[in-house]
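There are 2 protein chains.
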Amino acid sequence: MKDKKFVQEIADMEVDFPQWYTDLVLKTELVDYGPVKGTMVIRPYGYEIWENIQNYLNNKIKETGHKNAYFPMFIPESYLMKEAEHVEGFAPEVALVTHAGGAQLSERLVVRPTSETIICDMYSKWIKSYRDLPVLMNQWCNVCRWEKTTRPFLRTSEFLWQEGHTVHATQEEADIETEKMLNVYAKMGEELLAIPFFIGRKTDSEKFPGAVATYAIEAMMHDGKSLQSGTSHNLGQKFAKAFGIRFLDKNSELKYGYSTSWGVTTRLIGALIMVHGDQRGLVLPPRVAPIQVVVVPIKQDEEIVKNACAQIEDSLKKSSVRVFVDSRDNSPGWKFNEWEMKGVPIRIEIGPRDIENGQCVVFRRDDCVKDIVKLSELDEYVVKLLDEIHNNMFNKAKAYRDARVENVENIDELLSAVDGKKFARAYWCGDSACEKQIKEKTSATSRFIEKENATEGKCACCGKKSKAVVVFARAY
Amino acid sequence: MKDKKFVQEIADMEVDFPQWYTDLVLKTELVDYGPVKGTMVIRPYGYEIWENIQNYLNNKIKETGHKNAYFPMFIPESYLMKEAEHVEGFAPEVALVTHAGGAQLSERLVVRPTSETIICDMYSKWIKSYRDLPVLMNQWCNVCRWEKTTRPFLRTSEFLWQEGHTVHATQEEADIETEKMLNVYAKMGEELLAIPFFIGRKTDSEKFPGAVATYAIEAMMHDGKSLQSGTSHNLGQKFAKAFGIRFLDKNSELKYGYSTSWGVTTRLIGALIMVHGDQRGLVLPPRVAPIQVVVVPIKQDEEIVKNACAQIEDSLKKSSVRVFVDSRDNSPGWKFNEWEMKGVPIRIEIGPRDIENGQCVVFRRDDCVKDIVKLSELDEYVVKLLDEIHNNMFNKAKAYRDARVENVENIDELLSAVDGKKFARAYWCGDSACEKQIKEKTSATSRFIEKENATEGKCACCGKKSKAVVVFARAY
Numbered sequence: 001m002k003d004k005k006f007v008q009e010i011a012d013m014e015v016d017f018p019q020w021y022t023d024l025v026l027k028t029e030l031v032d033y034g035p036v037k038g039t040m041v042i043r044p045y046g047y048e049i050w051e052n053i054q055n056y057l058n059n060k061i062k063e064t065g066h067k068n069a070y071f072p073m074f075i076p077e078s079y080l081m082k083e084a085e086h087v088e089g090f091a092p093e094v095a096l097v098t099h100a101g102g103a104q105l106s107e108r109l110v111v112r113p114t115s116e117t118i119i120c121d122m123y124s125k126w127i128k129s130y131r132d133l134p135v136l137m138n139q140w141c142n143v144c145r146w147e148k149t150t151r152p153f154l155r156t157s158e159f160l161w162q163e164g165h166t167v168h169a170t171q172e173e174a175d176i177e178t179e180k181m182l183n184v185y186a187k188m189g190e191e192l193l194a195i196p197f198f199i200g201r202k203t204d205s206e207k208f209p210g211a212v213a214t215y216a217i218e219a220m221m222h223d224g225k226s227l228q229s230g231t232s233h234n235l236g237q238k239f240a241k242a243f244g245i246r247f248l249d250k251n252s253e254l255k256y257g258y259s260t261s262w263g264v265t266t267r268l269i270g271a272l273i274m275v276h277g278d279q280r281g282l283v284l285p286p287r288v289a290p291i292q293v294v295v296v297p298i299k300q301d302e303e304i305v306k307n308a309c310a311q312i313e314d315s316l317k318k319s320s321v322r323v324f325v326d327s328r329d330n331s332p333g334w335k336f337n338e339w340e341m342k343g344v345p346i347r348i349e350i351g352p353r354d355i356e357n358g359q360c361v362v363f364r365r366d367d368c369v370k371d372i373v374k375l376s377e378l379d380e381y382v383v384k385l386l387d388e389i390h391n392n393m394f395n396k397a398k399a400y401r402d403a404r405v406e407n408v409e410n411i412d413e414l415l416s417a418v419d420g421k422k423f424a425r426a427y428w429c430g431d432s433a434c435e436k437q438i439k440e441k442t443s444a445t446s447r448f449i450e451k452e453n454a455t456e457g458k459c460a461c462c463g464k465k466s467k468a469v470v471v472f473a474r475a476y
Numbered sequence: 001m002k003d004k005k006f007v008q009e010i011a012d013m014e015v016d017f018p019q020w021y022t023d024l025v026l027k028t029e030l031v032d033y034g035p036v037k038g039t040m041v042i043r044p045y046g047y048e049i050w051e052n053i054q055n056y057l058n059n060k061i062k063e064t065g066h067k068n069a070y071f072p073m074f075i076p077e078s079y080l081m082k083e084a085e086h087v088e089g090f091a092p093e094v095a096l097v098t099h100a101g102g103a104q105l106s107e108r109l110v111v112r113p114t115s116e117t118i119i120c121d122m123y124s125k126w127i128k129s130y131r132d133l134p135v136l137m138n139q140w141c142n143v144c145r146w147e148k149t150t151r152p153f154l155r156t157s158e159f160l161w162q163e164g165h166t167v168h169a170t171q172e173e174a175d176i177e178t179e180k181m182l183n184v185y186a187k188m189g190e191e192l193l194a195i196p197f198f199i200g201r202k203t204d205s206e207k208f209p210g211a212v213a214t215y216a217i218e219a220m221m222h223d224g225k226s227l228q229s230g231t232s233h234n235l236g237q238k239f240a241k242a243f244g245i246r247f248l249d250k251n252s253e254l255k256y257g258y259s260t261s262w263g264v265t266t267r268l269i270g271a272l273i274m275v276h277g278d279q280r281g282l283v284l285p286p287r288v289a290p291i292q293v294v295v296v297p298i299k300q301d302e303e304i305v306k307n308a309c310a311q312i313e314d315s316l317k318k319s320s321v322r323v324f325v326d327s328r329d330n331s332p333g334w335k336f337n338e339w340e341m342k343g344v345p346i347r348i349e350i351g352p353r354d355i356e357n358g359q360c361v362v363f364r365r366d367d368c369v370k371d372i373v374k375l376s377e378l379d380e381y382v383v384k385l386l387d388e389i390h391n392n393m394f395n396k397a398k399a400y401r402d403a404r405v406e407n408v409e410n411i412d413e414l415l416s417a418v419d420g421k422k423f424a425r426a427y428w429c430g431d432s433a434c435e436k437q438i439k440e441k442t443s444a445t446s447r448f449i450e451k452e453n454a455t456e457g458k459c460a461c462c463g464k465k466s467k468a469v470v471v472f473a474r475a476y
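In order, the protein sequences belong to chains L and D.
Per our numbering, residue 1 is the first one in the first sequence, and the count goes up by one each step.
Per our numbering, residue 1 is the first one in the second sequence, and the count goes up by one each step.
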């Protein structure tokens with residue numbers, strides 16, 4: 001009875017997906033609401049997922065030649081004004097410090113919503129010659145965007161992220177950089193998060209304020225909506241001109257640099273939840289799961305069981321598996337449900353009779369099936385199974401997504417696709433008026449350009465000759 | 001000539017130590033000034049030191065049972081008011097957000113100067129029973145304290161730190177925790193930073209606003225001044241009562257918890273510089289140095305030299321040494337000076353003649369001496385030497401410090417000690433009026449209590465019966 005209740009506390013994901021999400025993130029103790037509206041507290045079980053993402057991505061960022069640094073969170077308000085599109089995009093959602101140290105400030109300070117302005121200002125002081133280029137930096141930090149509607153991980157007043165900022169001598173180098181980091185993100189989906197990302201350029205109406213071109217990774221959530229999960233911006237010379245980033249080239253000519261920026265945020269945790277979760281709760285991809293294997297002892301007070309658990313723990317740790325023996329004062333059934341809800345990839349059940357038979361029960365969370373495994377072969381089995389679960393989760397997510405992208409020829413079909421919890425692939429004429437009309441009639445936005453220069457079709461909105469194939473979807 | 005100039009740009013440390021410090025942190029590209037007064041940009045060479053500190057300390061924090069989490073940076077102003085001493089200590093130096101999302105806020109938000117208030121508020125929601133205790137959390141984040149006089153790393157409007165926050169069922173457990181983390185910090189001095197720390201309790205006038213007792217690690221800088229380098233606070237039930245952290249104990253009685261907090265900051269980088277630096281520049285302890293070994297090729301265009309450098313790089317990397325081959329377009333002499341200024345622990349010089357003889361030159365930055373080493377034995381030599389340099393730096397710093405702590409019996413002697421760039425060890429009656437008088441007459445403050453309950457002496461200020469032995473010093 002107790003066990004049953006445990007599960008029923010989560011809303012039905014097919015009936016009320018948003019409520020399922022909220023129930024889950026709170027009840028699994030990933031996150032809690034902060035005292036200030038729109039803020040979140042990332043609790044240890046959620047933060048450890050972020051740490052695993054950081055570890056992976058930080059290595060990739062360094063392997064691709066970038067160095068970490070730290071720039072101040074307070075930006076003079078006037079800096080935001082220097083790039084016209086940028087201020088238009090961010091001014092409405094900034095938080096402003098007006099008083100500090102007991103006095104009113106002479107200039108208001110913006111709490112960084114993103115750091116292009118302050119970083120480009122510093123770069124303009126440091127960069128003098130082509131010898132100083134490229135500059136390849138990244139920072140891990142908090143940022144603040146005051147949003148009206150907020151949801152933990154997906155959209156909060158403050159969130160955590162990494163933001164890379166680079167300057168190059170040529171447009172070509174900046175192009176290569178933008179694409180390189182987009183691919184690092186996409187690969188992270190495959191290798192770490194078990195999420196298949198679409199990648200592509202954003203249309204002009206969806207691009208970053210101040211960018212020449214924005215590229216994004218987009219993923220389909222369980223409810224058929226899209227989540228923009230990371231972006232890579234080609235900023236051309238826009239910020240370099242606004243902030244005076246100039247260098248002497250090899251011929252002693254003074255030239256403006258070309259910059260890029262790219263980032264992913266704690267929103268990725270929201271993506272994990274909404275791509276992989278099921279009615280029992282979270283299903284965490286093994287490589288980011290804080291606990292990869294939970295051991296639940298049966299008759300845990302018996303010495304023989306305690307010893308067996310300790311042995312399993314020891315030997316899995318030696319195989320670099322994140323393992324936890326749950327010897328708390330609750331019934332095994334209660335623990336099964338809790339760890340299923342918390343999405344631990346593998347559960348090992350072991351009691352006196354199993355030990356007698358030299359075996360244990362292994363439950364995998366992704367498919368919710370059990371197997372009996374010899375204790376002598378357990379380590380090897382678990383290590384292999386973690387990889388298998390990862391691959392299975394990726395493949396399942398990909399199959400789910402690929403079955404839900406529909407080719408549409410007009411707005412009615414587009415509406416019916418997104419109403420049916422699908423993405424809609426459509427020809428588009430290139431006019432932002434058509435995007436606007438589609439949005440008004442279907443609540444779907446253009447997510448990314450799947451094929452550029454596709455002149456063979458007709459715009460799903462106006463019927464004119466197409467310029468591109470665009471994927472539309474409702475989005476978070 | 002060029003080489004000579006390079007060194008002369010740093011002020012004489014014996015004549016103008018503050019200017020030496022400023023020259024050094026800017027010229028070695030550890031840090032730069034941010035656009036907002038009092039803020040700093042931590043550049044890659046400085047940030048990598050911080051990353052090495054984080055890696056070490058994060059492991060220790062986890063090994064001692066703590067988990068990382070993340071709490072919002074915005075704290076409702078009313079929260080600060082809930083603990084009377086706390087607000088008195090921090091209110092004068094907070095930054096306030098008054099506007100966000102285009103509107104004035106109904107309550108002003110404090111940008112966290114420290115997070116006891118918001119974390120204790122969350123703890124009061126999460127902690128219900130003795131089963132929930134202890135709560136052992138830590139966060140790595142930025143904090144903001146608006147100070148009038150600022151210096152990079154030592155005192156800035158915004159800085160980076162870790163702050164641990166724990167709650168326990170008994171005072172005894174909180175005592176143990178406070179001491180445990182103080183010792184983790186002190187050990188970090190020995191094992192990582194090569195800095196000998198004094199540890200001890202702060203007098204009441206120097207303790208953290210809201211603490212029952214504050215313990216600190218204090219280090220002597222080259223100029224005989226003290227730098228408080230980390231603190232561990234026993235908060236008793238003060239914050240638990242202010243924020244309502246209560247739990248049902250085993251007898252179903254509702255009790256207040258006992259809390260602690262402890263932190264170290266990017267100030268540690270300042271400590272490194274001022275403890276180990278010399279007239280040539282930084283001297284970085286090997287275990288935090290971004291580059292542990294720099295290889296400077298002589299006649300770098302010759303194929304044989306390139307190959308030898310690549311081999312050395314490869315093989316040192318395999319021994320987990322952080323190595324950099326400097327093949328930039330500058331003379332070897334220029335590079336020698338730059339890397340000496342940047343404090344790289346070991347420099348390897350190698351040219352065609354060395355290669356012929358199967359050897360290279362190894363320069364150690366701590367003692368500034370050279371040795372000739374066989375290439376076949378280089379890896380082993382370097383790995384050993386890095387440890388030797390670490391030990392040598394620690395021992396040198398300890399000898400320097402221990403020779404500069406003077407026993408004093410009255411204010412005149414105390415003044416003469418601190419004028420002579422020393423610490424002064426004195427009996428103290430326990431009255432904060434005496435501390436105040438000492439500060440007025442000597443600019444020295446009580447740094448820590450070296451011996452509690454020391455009733456055998458007379459107060460250096462008032463001559464009354466002593467209660468403790470206290471170390472006084474001028475401080476950063």
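These are computed hints drawn from the structure, not numbers from a lab.
Be careful, since some hints might not be right.
Pairs involving identical chains hold if they fit within one copy or between any two copies, as the list cannot separate such chains.
Taking lysine-lysine and the DSS-like style, the derived pairs with C-alpha atoms no more than 25 Å apart in a straight line are [what the hints assert, rightly or not]:
#1 Lys-465 with Lys-241
#2 Lys-250 with Lys-299
#3 Lys-398 with Lys-180
#4 Lys-396 with Lys-317
#5 Lys-82 with Lys-225
#6 Lys-37 with Lys-125
#7 Lys-60 with Lys-374
#8 Lys-467 with Lys-37
#9 Lys-148 with Lys-436
#10 Lys-422 with Lys-207
Each hint, compared with the structure:
no. : hint                 : in the structure
1   : Lys-465 with Lys-241 : neither (36 Å within a copy, 70 Å between copies)
2   : Lys-250 with Lys-299 : between (76 Å within a copy, 24 Å between copies)
3   : Lys-398 with Lys-180 : within (23 Å within a copy, 49 Å between copies)
4   : Lys-396 with Lys-317 : neither (29 Å within a copy, 40 Å between copies)
5   : Lys-82 with Lys-225  : neither (35 Å within a copy, 44 Å between copies)
6   : Lys-37 with Lys-125  : between (38 Å within a copy, 17 Å between copies)
7   : Lys-60 with Lys-374  : neither (37 Å within a copy, 36 Å between copies)
8   : Lys-467 with Lys-37  : neither (43 Å within a copy, 50 Å between copies)
9   : Lys-148 with Lys-436 : within (21 Å within a copy, 51 Å between copies)
10  : Lys-422 with Lys-207 : within (23 Å within a copy, 60 Å between copies)
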